[in-house]
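A.B. asks: Residue numbering for the first sequence is -16 to 643, as defined by my numbering.
Hints should not be assumed to be uniformly reliable.
What the hints assert, rightly or not - Using 20 Å as the maximum straight-line C-alpha spacing, the simulated DMTMM-like pairs for lysine to aspartate or glutamate come out as follows: (1) 558 to 456; (2) 543 to 498; (3) 558 to 510; (4) 248 to 89; (5) 230 to 428; (6) 480 to 398; (7) 363 to 456; (8) 467 to 456; (9) 235 to 218; (10) 622 to 6; (11) 56 to 296; (12) 363 to 262; (13) 526 to 594; (14) 78 to 68.
Stated by the list, open to error - Pairwise CB distance ranges (calculated): (15) 53 to 398: 52 to 62 Å; (16) 633 to 463: 15 to 25 Å; (17) 597 to 544: 31 to 41 Å; (18) 65 to 597: 28 to 38 Å; (19) 254 to 609: 27 to 37 Å; (20) 554 to 158: 54 to 64 Å; (21) 513 to 544: 16 to 26 Å; (22) 334 to 622: 21 to 31 Å; (23) 22 to 53: 34 to 44 Å; (24) 189 to 433: 57 to 67 Å; (25) 398 to 180: 27 to 37 Å; (26) 433 to 394: 41 to 51 Å.
Hint data in this document are derived by calculation from the structure and do not stem from the laboratory. Nothing here was measured: the structure is a model prediction, and the numbers come from that model. Backbone N, C-alpha and C fix where the C-beta goes; we use that ideal spot for every residue, glycine too.
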Amino acid sequence: MSEIDDLKKLLHYHNHRYYVLDDPEISDGEYDSLFNKLLTLEQRDPSLITPDSPTQRVGAKTSEKFKKVEHRKRMLSLSNAMNVDELRQFDSRIKKDLNIIDSDLEYIVEPKLDGFSVEAVYENNVFVLGSTRGDGNVGEDITNNLKTVRSIPLSLPNILFTPLEVRGEVVMEKKEFEELNLMRENLGEQLFANPRNSAAGSIRQLDPKITASRKLKAYFYGLGITVNKSFKTQEDILTYINNSGFKITEFKKCRDIEEVIKECKRLENLRNDFMFEIDGTVVKVNDLSKQNALGERSRSPRWAIAYKFTPQEATTRIVNIVLQVGRTGVVTPVAVLEPVNISGVEVRRATLHNIDEILKKDIRIGDTVIIHRAGDVIPKIIKVVLSIRTGDEKQFKMPKNCPVCDSKIVRVEDESAYRCLNIRCPSVIKEKIKHFVSRRAMNIEGLGDKLVEQMVDNKIIKDFSDIYTLTIEKIKTLERSGDKSSANLLNAIKSSKEQDLQRLVYGLGIRHIGETISKSLVNVYKDISLFENANKDDLTKIKDIGNEAADSIISFFSNKQNLEVISQMQKAGVKMCMETTGGEGLLQGKRFAFTGTLSLFSRVLARDTVEDLGGITVSSVSKNLDFLVAGDQPGSKFKIAEKLGIKIINEDKFKELVQL
DNA sequence: TAGCCTCGAGTTCA
DNA sequence: CTCGAGGCTA
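Construct all of the structure, not just a fragment, from the sequences and the given hints.
C.D. replies: Dropping the structure here:
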């Protein structure tokens, strides 16, 4: 056998290890050197180049449009089940059609990839044709582009039958998609709305070089025409496809429809853990003879159904853009949306962050937009659907004055935010007070957002100190404040006077000073009066305090009004010094993070427990972490911790550790 | 000075 | 949760 053939075999093998099994045996460098060796040999005698050679993945640009390709067997789509009931209906309908009365029907459940459907045809072992689904009958010839997808084998190890037609989905992994969009953003190019569009756009490129650069993956799930009759089940087919060198997704064989439902729910919960987008599951009757008996409708088979996850993406219209003024005076534009249901909640508003964001995405009032709720909860506007623009949309301009107090708003150099600098701005006052009374600061229960707003509007309070001069008469002038609730509120205010100093310092809302720095500050300056004399040198010696934070502290404590408010609070009996703490704790200096649902502790209790014992709690995992406490259904932190070799403990272990 | 880590700040709905 | 930026470290 020639050296060229050996090299090709070797490269195919290592390509498969790398791109299909994700388990390379040799380094990238070694692969490249084998590849270059083959390239040299082929260049010496180009007549030896075969179409399945690894050097032929990226072909020449096709100038004309894609050629049409007729599918020998129609590529169908799937009917949808929008909920669990529709899955059960599907099951009973099939059983009726098959005359199955008192027995169960076996199904295969696979994740449904949100990508681009393709077919790859192999003749005598060699990849000869790649096509899109098109309308199901006729697709487009994308052979050259599919060849660039490294997880698709160019030749197969052994022939079971020929031709072999495999069907699957080309996807772009989420990470890849984000990187691509980031790059396009830097180049000022139009962004892709989601990984599916991105995969579709990449596969329909006339220049295979572009497709090759997109790092697409392909997963296969079925066959086209099948001359071979040895397959009995869908499971056989998946196993065969996989053994022939294709990537397949995980799948599960289910005894009955209830197990199918369980599996669908499981995958739905895990959807964010997949590297690629999945928008549902595909449920197929496992037995091929039963599939045949059921047959197909005009556009979809009767033996399969797609179970759709509750969507995390939706289209809606921007009714208006309004402005919010936060506690730091930042003026934030917020889109008011036509209410739309995404993953079970009605979304009406979405932040637009700042004017740069609006201009970058070219968002206008009246635009139709795609909004998204990923693993998190916060809706995000992904992009404007430009194709439905009527021309009646209104561009949004930042006003010159604060929408609340009408004073001039300014944009600090190099910042995208506009700020209202009026310290008497009612909105700023309200937000500052809400922050002061919030759970993590002074924790005054019963003083919620609505009440604070009323109090400021009615001029009952104008700064923190006024909270401590409230009387039952004043509170009762407000809506929905009776004897009982007013008394409760006064009690809560009274007990807040004893809060730790660090909570007070945090509650003051000094720029750049959050919970952590408040704590470090309080450890050094144990009495509020000492803060006034703090100098920059001393401050910057404290961990995490640099130039900006130090300046911010000094400027806060040299402001007369601030000092006046503090002194008023002191007169009202608010504790202004730190209690001496009793020595070293059990967990002194140990860093903890939590993930998943805890059952023995609430998050707050777990946090307080650690901190009472001198430990530190953090919200993200890094190599400095000492313990990750994992509850039920841990999130991404779990994987990161595993990778970094962080000690992961369960709740029971944690309980032992804190000796409760 | 670059790159990593952490902290702060803003954010939606039930 | 996520982003941006301040601060720390090599």
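A.B. asks: Of all the hints given earlier, name the ones this structure violates by number, lowest first.
C.D. replies: Going through the list in order, the structure violates hints 1, 2, 5, 6, 7, 11, 16, 18 and 26 and respects the others.
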